[in-house]
Amino acid sequence: MSEFFAMGGYALYVWGSYGVTFACLALEIILLVKRVREAKT
Amino acid sequence: MKWFWYASPQTFFPLAGTLARWCGAAAGVLALIGLYIGFFVAPTDAQQGEAYRIIFIHVPASWMSMFIYVVMAGWAVLGLAFNTRLSGMMAQALAPTGALFTFIALWSGSLWGRPTWGTWWVWGDARLMSELILLFLYFGFMALQAAIDDPRRADRASALLAIVGVVNIPIIYYSVQWFNTLHQGASVSFTRAPSMAATMFAGMIVMALAFWMYSIAVVLVRVRCIIRERE
Numbered sequence: 001m002s003e004f005f006a007m008g009g010y011a012l013y014v015w016g017s018y019g020v021t022f023a024c025l026a027l028e029i030i031l032l033v034k035r036v037r038e039a040k041t
Numbered sequence: 001m002k003w004f005w006y007a008s009p010q011t012f013f014p015l016a017g018t019l020a021r022w023c024g025a026a027a028g029v030l031a032l033i034g035l036y037i038g039f040f041v042a043p044t045d046a047q048q049g050e051a052y053r054i055i056f057i058h059v060p061a062s063w064m065s066m067f068i069y070v071v072m073a074g075w076a077v078l079g080l081a082f083n084t085r086l087s088g089m090m091a092q093a094l095a096p097t098g099a100l101f102t103f104i105a106l107w108s109g110s111l112w113g114r115p116t117w118g119t120w121w122v123w124g125d126a127r128l129m130s131e132l133i134l135l136f137l138y139f140g141f142m143a144l145q146a147a148i149d150d151p152r153r154a155d156r157a158s159a160l161l162a163i164v165g166v167v168n169i170p171i172i173y174y175s176v177q178w179f180n181t182l183h184q185g186a187s188v189s190f191t192r193a194p195s196m197a198a199t200m201f202a203g204m205i206v207m208a209l210a211f212w213m214y215s216i217a218v219v220l221v222r223v224r225c226i227i228r229e230r231e
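In the order they appear, the protein sequences are chains A and B.
In terms of the numbering used here, the first sequence opens at residue 1 and continues consecutively.
In terms of the numbering used here, the second sequence opens at residue 1 and continues consecutively.
Calculated directly from the structure, the hints in this document are not laboratory data.
Quantities reported herein were computed from a predicted structural model and do not represent experimental measurements.
Beta carbons: idealized from backbone N, C-alpha and C, even for Gly.
Where hints are given, some of them may not hold.
[Unchecked claim] Simulated coverage check for chain B against chain A, where a stretch passes if three residues somewhere in it have a Cβ under 8 Å from a Cβ of chain A:
no., segment
1, 57 to 65
2, 74 to 84
[Said to hold, decoys possible] Okay, the calculated bits of chain A under chain B, using three or more residues with CB under 8 Å as the criterion:
no., segment
3, 2 to 15
4, 18 to 28
5, 31 to 38
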């Protein structure tokens, strides 16, 4: 398990890419849901 | 299909909602499959070790960043040619998601460049610079749209910017062939078999499909907001 997260020593680069990508997509979804709510009222 | 029927925002509105739900669900399922293949099925790369696994984000995001721009410019052309209201709204809805994928392509590329090239960023590299210009084009489009109060005038002005900026897309795509760049050539093309293991290729394609479905869902939800806000 810890071997998986270590990514052969490239953990920073691999998880840095995936983490920021999913954070960006999540942020876009959150902002969009907020906009949908505001547009309805 | 009665295409012009759906060119009216009012008739497009419910269709967009249904499509968005299906595409959103498909995006979730495809992302899970893609990540599973990417992390548990695809083998470790002989040269790059585990660092290459960034490919499952980097390549699909880069494809989306270029493709969304072309679609946006296509809507801009339709808007100028037929003066349809929906066209400008679609272009406006596409821009933020396009900018997001451009940022993700640059970010993941930088994190991939560090362990493989030994540098985060190279000023003057044709591939990197043209992708950075793409990000600025998206920002310029959004800023212009926001700067003009009358939405129809804003649509026309930003449509012009989108159409002029489309020349950057072939420059990005062919930069690795035209210029001497640090960035490697395409591993996948229409004309020959992909130069990588089949499972790596599969993971990349499934992630690309997931990003497609995500983009369609998000853009359709956003265009529904724009329709509500404008009309």
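Hints, one by one, checked against the model:
no. : hint     : verdict
1   : 57 to 65 : holds (count 3)
2   : 74 to 84 : violated (count 0)
3   : 2 to 15  : holds (count 8)
4   : 18 to 28 : holds (count 6)
5   : 31 to 38 : holds (count 3)
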